[in-house]
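K.L.:
Each chain is listed here by its residues.
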Amino acid sequence: MADTYLQVIFWAFFALMAIAGIRVVTTRNVIHAALYLVATLLGAASMYVLLYAEFVAWVQVLVYVGAVVVLMLFGLMLTRAPIGSANFDNNQRLVGAVCAGLLFAVTSFIMVGAFEGQEIDFTGTEGTKVQSIGEAIFSIYVLPFEIVSVLLLAALVGAVVISRRDEGRVDS
Amino acid sequence: MNPLLAQSVTQPSVDWHALAPELVMAGTACLVLVADLFLPRNAKWIAMPLSAAGIIGTLAAVVSLINTETTTLAGTFEVDAFSLLFKGLFCVLGLIILAISFHYFRAGSYYQGEYYFLLLCSLFGGLVIASARDLISLFIALELISIPGIVMVALRKGDARANEGALKFFLFSVLSSAVMLYGMSLVYGVTGSTILSEIRTSIGSGDEPLVVLSVFFVVVGFAFKISAVPFHFWAPDTYEGAPSPVAAFLSTASKIGGFVGLLVLMFKAFPEVADTWAPVFAVLAALTMTVGNLIALRQQHVIRLLAYSGIAQSGYILVCLALINPGNPDANEQAFAAAVIYLAIYGIMDLGAFAAAVAFARRGGTYFISDYAGLWQRSPVLALLFGGFLISLAGAPPMAGLIAKLFVFAATIEAEVYWLAIVMGVNTVIAAWYYLALIKKMFFETPELDEPVEVPYLLSAAMGIAAALLVALLVYPPLLTNLADRSIF
Chain A
388 MADTYLQVIF
398 WAFFALMAIA
408 GIRVVTTRNV
418 IHAALYLVAT
428 LLGAASMYVL
438 LYAEFVAWVQ
448 VLVYVGAVVV
458 LMLFGLMLTR
468 APIGSANFDN
478 NQRLVGAVCA
488 GLLFAVTSFI
498 MVGAFEGQEI
508 DFTGTEGTKV
518 QSIGEAIFSI
528 YVLPFEIVSV
538 LLLAALVGAV
548 VISRRDEGRV
558 DS
Chain B
86 MNPLLAQSVT
96 QPSVDWHALA
106 PELVMAGTAC
116 LVLVADLFLP
126 RNAKWIAMPL
136 SAAGIIGTLA
146 AVVSLINTET
156 TTLAGTFEVD
166 AFSLLFKGLF
176 CVLGLIILAI
186 SFHYFRAGSY
196 YQGEYYFLLL
206 CSLFGGLVIA
216 SARDLISLFI
226 ALELISIPGI
236 VMVALRKGDA
246 RANEGALKFF
256 LFSVLSSAVM
266 LYGMSLVYGV
276 TGSTILSEIR
286 TSIGSGDEPL
296 VVLSVFFVVV
306 GFAFKISAVP
316 FHFWAPDTYE
326 GAPSPVAAFL
336 STASKIGGFV
346 GLLVLMFKAF
356 PEVADTWAPV
366 FAVLAALTMT
376 VGNLIALRQQ
386 HVIRLLAYSG
396 IAQSGYILVC
406 LALINPGNPD
416 ANEQAFAAAV
426 IYLAIYGIMD
436 LGAFAAAVAF
446 ARRGGTYFIS
456 DYAGLWQRSP
466 VLALLFGGFL
476 ISLAGAPPMA
486 GLIAKLFVFA
496 ATIEAEVYWL
506 AIVMGVNTVI
516 AAWYYLALIK
526 KMFFETPELD
536 EPVEVPYLLS
546 AAMGIAAALL
556 VALLVYPPLL
566 TNLADRSIF
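Note that the protein sequences, when read in sequence, are chains A and B.
So the first sequence is residues 388 to 559, counted in the working numbering.
So the second sequence is residues 86 to 574, counted in the working numbering.
Just to be clear, a hint being listed does not mean it is correct.
Label-pair restraints from in silico Cβ distances [said to hold, decoys possible]:
#1 B:GLU530 <-> A:ILE418: 57 to 65 Å
#2 A:ASN416 <-> B:HIS102: 55 to 63 Å
#3 A:GLN505 <-> B:PRO134: 53 to 61 Å
These are computed hints drawn from the structure, not numbers from a lab.
Even for Gly, the Cβ is constructed at its ideal location relative to N, Cα and C.
Please model the entire structure based on the sequences and the hints provided.
P.N.:
Have a look at this one:
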């Protein structure tokens, strides 16, 4: 009973993700594309919930939906990019579609072949504990965690350098 | 007591001495950034000696670790002969790049403090990647090498070609990261671990399609980073648009960082499935050498010439990866040592050539090959040094390029992959053609201008040190070969 219930939810979100994903690349309006991306990312978050990974799901919502897409929208507005329906196509739709289709076919064929018939047993699990994620970050993965801070600092300084308007200096 | 605090987190043991080079480098980067705030506009150049002092401090920390073999932070960080050799190399390359950069950035009144900060961050990434032994640290270290690089390319904001170069670099870098990360996530899916040693034991056989696919994605991601053909399109445009010292950095330290990550990953995590990836590298190596050299033949711009020749040079290192065969451990060790030797020598000689090009172009000079006519009569020392670096890149004495090529050839013969040896031989001849054409221009043609090219002391010192290192390595190869032998995993 619970299984069919989960199946229905899975396929509903799957349909949402697939349609939104296709619209991200086919819509002609950049803002619309960003909003479709929100729907796709929310669908991914729901997949995490179905896998009992609530914390990861909420991080997905907070970081991707909350921060990344909003940042994209702000970026579009602040840089006065063409917001209306602009034509960004360069006549390579067919090549792109063929490449993407082939990649999808190969990866999904291999993935299905590799994990076919394997089922994860969720009975008795309460999902991933936030505590265990925290412990992993601050024990095994403390080095990447610290390096990311340097990386973010460099990216921040770089963003300021690039976006800053130079005063009265002309490059030759 | 709060029940939440009752369970204490098991802290990994931290060996601070093992982390000393990284700590000094990161500390210097932050110091440079803060010091830059307080420096008056005409004293911004002080960031350069500060950075140099920091790199020398890092080098001292590396030296103090010699003969240490240890892992720390739950096995994700390893200090061994391999990592120390490359940390030392990154420090030496960093010092030479600083010397190349100084006059360029001071004269251009670019963002000097920020530039040196970004350069140190990139070098920090290089230090980490030499020691990183899990997928996440490896990936983040690789990003730390390339992301500051993108900003450094974009520093000449008013220049359209700089913007184009930075944008291309950014897009290719992001795409390659995505592909690589997808491959790494599949590796994690197959093995259930991000630690390289655990991946090695649980990856299974190379017959599984998923293993092949994941390794393939990882290799393609790295191929973008090291600009191997057919993933090289960004490199020449980016190098040409970038400030020349940054092009020198991208062509040497940044590329070597990518190779170090590749070596670590292939030999620490995937050696058991070498029969799946060695043929991929064989194709990449043959394509990279041949296409790089053929396009280099037609270049009129020195930086583009060096970019394509650098692409071709990385083909020789890919050859070493193509030789790996699980059934022949002796040949594998030889191939690994050859890759290490080639990387070290390539880094120094390519940087020397870039330094010479920067020195020549400094005073209103240009980067076009035709302008080099008769350099011998104008500035004999510069012509000799530049000629030396070029001959070394071609693989002939009096500098160590010969050693690098010999070791790769020997490893190829030892592994009995004769067709790659033939491809390499043909390519060495093609490469000699365009290097010698430039040398002929410098030595046997009459100059249009008479006045000598002024070379600042710092640049002369940088070229002198590079040349001295290369000559020393040719005269006494064990300096490097002993280190390379000890660094075999």
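K.L.:
Starting from the hint 55 to 63 Å, judge whether the C-beta atoms of ASN416 of chain A and HIS102 of chain B obey it.
P.N.:
holds, 57 Å
K.L.:
Within 53 to 61 Å or not, the Cβ separation of GLN505 of chain A and PRO134 of chain B?
P.N.:
Hint holds: Cβ distance 60 Å, inside 53 to 61 Å.
K.L.:
Look at the Cβ atoms of GLU530 of chain B and ILE418 of chain A and judge whether their distance stays inside 57 to 65 Å.
P.N.:
holds, 59 Å
Taken one by one, the earlier hints all hold for this structure without exception.
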